[in-house]
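J.: Here the protein sequences come in this chain order: A and B.
40 is the number of the first residue of the first sequence in our numbering; add one for each residue after it.
40 is the number of the first residue of the second sequence in our numbering; add one for each residue after it.
In short, the hints are calculated from the structure, not lab data.
These figures come from a predicted structure and were not determined experimentally.
Keep in mind that a hint or two might mislead.
Identical copies go unnamed one by one, so any copy, or any two together, can satisfy a pair.
Claimed, not checked - Okay, derived cross-link-like pairs now, PhoX-like style, lysine-lysine, Cα gap no bigger than 25 Å in a straight line:
1. Lys48 <-> Lys166
2. Lys370 <-> Lys295
3. Lys142 <-> Lys128
4. Lys153 <-> Lys233
5. Lys332 <-> Lys295
6. Lys142 <-> Lys73
7. Lys128 <-> Lys153
8. Lys244 <-> Lys142
9. Lys153 <-> Lys73
10. Lys128 <-> Lys370
11. Lys274 <-> Lys233
12. Lys295 <-> Lys336
13. Lys73 <-> Lys166
14. Lys348 <-> Lys128
15. Lys71 <-> Lys332
16. Lys332 <-> Lys348
17. Lys244 <-> Lys233
18. Lys190 <-> Lys71
There are 2 protein chains.
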Amino acid sequence: MSTIEDVAKLAGLSRTTVSRVINNHPYVSDDKKKRVAVAMDTLGFVPNSAARRLRKQKAETIAVLVPRVTNPFFSKLIESLEMAASEYKYKLIICQTRYLPEKELEYLQLLATKQVDGIILCSLQNKWEHVEPYLEHGPIVLCNEYAEEAKIPTVKFNQIEGAYEATKHLLEQGHRRLLFCSGSEQSMVVQHRKMGFLRAVAEHKLQVEYMEFIENAYDIEDGRRVFHTISHMNKIPTAIFAGGDEVAAGIISEAKRNLWHVPEQLAVVGFDNQLLSEITEPAITTVCQPVDKMAYKVIEVMMDKIVTKRYRHKEIYEFDLELVVKGSTVKNMMMLA
Amino acid sequence: MSTIEDVAKLAGLSRTTVSRVINNHPYVSDDKKKRVAVAMDTLGFVPNSAARRLRKQKAETIAVLVPRVTNPFFSKLIESLEMAASEYKYKLIICQTRYLPEKELEYLQLLATKQVDGIILCSLQNKWEHVEPYLEHGPIVLCNEYAEEAKIPTVKFNQIEGAYEATKHLLEQGHRRLLFCSGSEQSMVVQHRKMGFLRAVAEHKLQVEYMEFIENAYDIEDGRRVFHTISHMNKIPTAIFAGGDEVAAGIISEAKRNLWHVPEQLAVVGFDNQLLSEITEPAITTVCQPVDKMAYKVIEVMMDKIVTKRYRHKEIYEFDLELVVKGSTVKNMMMLA
Numbered sequence: 040m041s042t043i044e045d046v047a048k049l050a051g052l053s054r055t056t057v058s059r060v061i062n063n064h065p066y067v068s069d070d071k072k073k074r075v076a077v078a079m080d081t082l083g084f085v086p087n088s089a090a091r092r093l094r095k096q097k098a099e100t101i102a103v104l105v106p107r108v109t110n111p112f113f114s115k116l117i118e119s120l121e122m123a124a125s126e127y128k129y130k131l132i133i134c135q136t137r138y139l140p141e142k143e144l145e146y147l148q149l150l151a152t153k154q155v156d157g158i159i160l161c162s163l164q165n166k167w168e169h170v171e172p173y174l175e176h177g178p179i180v181l182c183n184e185y186a187e188e189a190k191i192p193t194v195k196f197n198q199i200e201g202a203y204e205a206t207k208h209l210l211e212q213g214h215r216r217l218l219f220c221s222g223s224e225q226s227m228v229v230q231h232r233k234m235g236f237l238r239a240v241a242e243h244k245l246q247v248e249y250m251e252f253i254e255n256a257y258d259i260e261d262g263r264r265v266f267h268t269i270s271h272m273n274k275i276p277t278a279i280f281a282g283g284d285e286v287a288a289g290i291i292s293e294a295k296r297n298l299w300h301v302p303e304q305l306a307v308v309g310f311d312n313q314l315l316s317e318i319t320e321p322a323i324t325t326v327c328q329p330v331d332k333m334a335y336k337v338i339e340v341m342m343d344k345i346v347t348k349r350y351r352h353k354e355i356y357e358f359d360l361e362l363v364v365k366g367s368t369v370k371n372m373m374m375l376a
Numbered sequence: 040m041s042t043i044e045d046v047a048k049l050a051g052l053s054r055t056t057v058s059r060v061i062n063n064h065p066y067v068s069d070d071k072k073k074r075v076a077v078a079m080d081t082l083g084f085v086p087n088s089a090a091r092r093l094r095k096q097k098a099e100t101i102a103v104l105v106p107r108v109t110n111p112f113f114s115k116l117i118e119s120l121e122m123a124a125s126e127y128k129y130k131l132i133i134c135q136t137r138y139l140p141e142k143e144l145e146y147l148q149l150l151a152t153k154q155v156d157g158i159i160l161c162s163l164q165n166k167w168e169h170v171e172p173y174l175e176h177g178p179i180v181l182c183n184e185y186a187e188e189a190k191i192p193t194v195k196f197n198q199i200e201g202a203y204e205a206t207k208h209l210l211e212q213g214h215r216r217l218l219f220c221s222g223s224e225q226s227m228v229v230q231h232r233k234m235g236f237l238r239a240v241a242e243h244k245l246q247v248e249y250m251e252f253i254e255n256a257y258d259i260e261d262g263r264r265v266f267h268t269i270s271h272m273n274k275i276p277t278a279i280f281a282g283g284d285e286v287a288a289g290i291i292s293e294a295k296r297n298l299w300h301v302p303e304q305l306a307v308v309g310f311d312n313q314l315l316s317e318i319t320e321p322a323i324t325t326v327c328q329p330v331d332k333m334a335y336k337v338i339e340v341m342m343d344k345i346v347t348k349r350y351r352h353k354e355i356y357e358f359d360l361e362l363v364v365k366g367s368t369v370k371n372m373m374m375l376a
């Protein structure tokens, strides 16, 4: 294999100049950059990144821990993060934790072994005290998750407000029997949404007849199961906060298959404003989360922390959510569709 | 921070024994393993993986290159690969290439820098001659992709047969004006599906009135666009091979919004048998790809290649696809749904 000296010789430049070009050193003329590029290409020379990284003490790689890549919310978030990181010439490696605390710790090791420069945690199943020691090795930024005791940068959505608006909308449509669906109760996202839901209910408490809660609902299949559960309840709810568009789609399609009228008999609110929410009939009223904005902020914060190394204090960046009303909660919307 | 000596002292064992436990050496009693685990836990000792990996010359990590994680086919594939790798105690890192040849090469560098032990390529936008040099650094396995000249293990689906069956089904329903939708023509998956499509058409060539082709259709949004394109054609096709369930869902929902009858006026076949294919009305006739089987085979092959280092020859593992007929192509299916 060819060496850096071969490249220097072919390009007619010093070894130092070639090294500068490879390491993106400033103050190298475009002409020299070009000559080095041509020589590298001709010789098939690949700079030794391992050695280079060691010198620079940077992996130029960030790890993102997500619970499940098959969840469209997370796959969209990954895509946005990857594009944002790309603008800083950083590689992104994605690690799926499947909501397993031990997987989270396994992947946090990537920071200890210097395989990555920082970790974006979109999954937090461990107690904070088990994650905190890894800060010794580099920055960790929380994304879409939240831990009260974590003194690190956190970028999130205002889930309380989002769930409050969605629930208020259902109550304003006259619903008095409500069902709240969610994923794991351990997640702060779920806890915050529940707070928002309960706040709206509290404001209408004289009218609300009852409310029910169902946990561990994540996808279309779960949505179908939710429909069959409620259809066998003594008092059947008339409105569902589904926690996600996939769950909402499962509920709606199964309800229609059983000849229920949506939204007259059953109103459903999703979450995410996925393309899927336009496919069901009626389309799904949902809460839009500005994933792109969050992703760009997370990467911006991470880049700052990698450079300044000052990441051991709490900073919260929060984005607002927006309710998008469609046919699954308001009847005359169907005419517009 | 505590050292391996501290662990040995607390466990009342020799340093060598502790090291053996950490490195999963055989012939260590369960009792000793347990004592080491307790001591490590008590001291909060984390084995130095970097040093350990160096000794073992293994990263215990595999990289998977996929074009887009937002495509449900790839996110399902990633999930299955991750679970299969997990059984071998391997970590998976996922790299999104966005169909960009330069991103592919960038991530292939992970092999050269020993950050990973092997690479699973589910994305191949480069000419094989540009990928081939990386084999010097470790095994590469092609997954769901194919390159005639690549002398490496390849695990794939029989796309030719799958597309042939789907097209034959449309022809048997009496359709004579066909549209073939696909992603990039550069992909071998697309080329093979086109071969299958054309083979079925050739068998019915006396009856076929015409066929059209549309490229770069990937998601629901593209499906909607396809509908509007065909609705303005001079001769409107009556049957569409959509290339994916998302594209099919976009076509169907837009057709229905414009008061077309599916399947009477327009029959649509998807690909993937995603949950989404059950949500549209009617449900989508689709081609089921056994993603799990493929994923487990890929990991099995990769593990073998990492150990034996004999990976520079062609081996093809192929799985059959299955047509699942639903309401988007056969009218009386709707009664069953």
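J.: With 25 Å as the alpha-carbon cut-off, assign the pair lysine 142 and lysine 128 to within, between, both or neither.
T.: Classified as between: cross-chain Cα gap 11 Å, same-chain 27 Å, threshold 25 Å.
J.: Classify it for me, lysine 244 with lysine 233: is the Cα-Cα distance of at most 25 Å met within a copy, between copies, both or neither?
T.: within (15 Å within a copy, 60 Å between copies)
J.: Can you give me the call for lysine 274 and lysine 233, within, between, both or neither, at a CA distance of at most 25 Å?
T.: within (21 Å within a copy, 54 Å between copies)
J.: Please work out whether the CA atoms of lysine 332 and lysine 295 approach to 25 Å or closer within one copy, between two copies, in both situations, or in neither?
T.: neither (36 Å within a copy, 34 Å between copies)
J.: From the Cα coordinates, with 25 Å as the cut-off, is the pair lysine 128 and lysine 370 best called within, between, both, or neither?
T.: neither (49 Å within a copy, 52 Å between copies)
J.: Between the shortest in-copy and the shortest cross-copy C-alpha distance, which are at most 25 Å for lysine 153 and lysine 73: within, between, both, or neither?
T.: Neither. Shortest intra-copy (32 Å) and inter-copy (28 Å) distances fail the 25 Å Cα cut-off.
J.: At most 25 Å between C-alpha atoms: does lysine 128 with lysine 153 qualify within a copy, between copies, both, or neither?
T.: both (18 Å within a copy, 20 Å between copies)
J.: Indicate which option fits the pair lysine 153, lysine 233 if close means a Cα-Cα distance not exceeding 25 Å: within, between, both or neither.
T.: Classified as neither: same-chain Cα gap 38 Å, cross-chain 46 Å, threshold 25 Å.
J.: Measure nothing new, just compare the shortest in-copy and cross-copy C-alpha distances for lysine 48 and lysine 166 to 25 Å and report within, between, both or neither.
T.: neither (56 Å within a copy, 29 Å between copies)
J.: One pair to classify: lysine 190 and lysine 71, alpha carbons no more than 25 Å apart. Within, between, both, or neither?
T.: Classified as neither; 46 Å inside a copy, 38 Å across copies.
J.: At most 25 Å between C-alpha atoms: does lysine 71 with lysine 332 qualify within a copy, between copies, both, or neither?
T.: For lysine 71 and lysine 332, neither the intra-copy (38 Å) nor the inter-copy (51 Å) Cα distance is at most 25 Å.
J.: Within a copy, between copies, both or neither: which one fits lysine 73 and lysine 166 at a CA-CA cutoff of 25 Å?
T.: between (51 Å within a copy, 24 Å between copies)
Violation of the numbered hints given earlier is confined to hints 1, 4, 5, 8, 9, 10, 12, 15 and 18; the remaining hints are satisfied by the structure.
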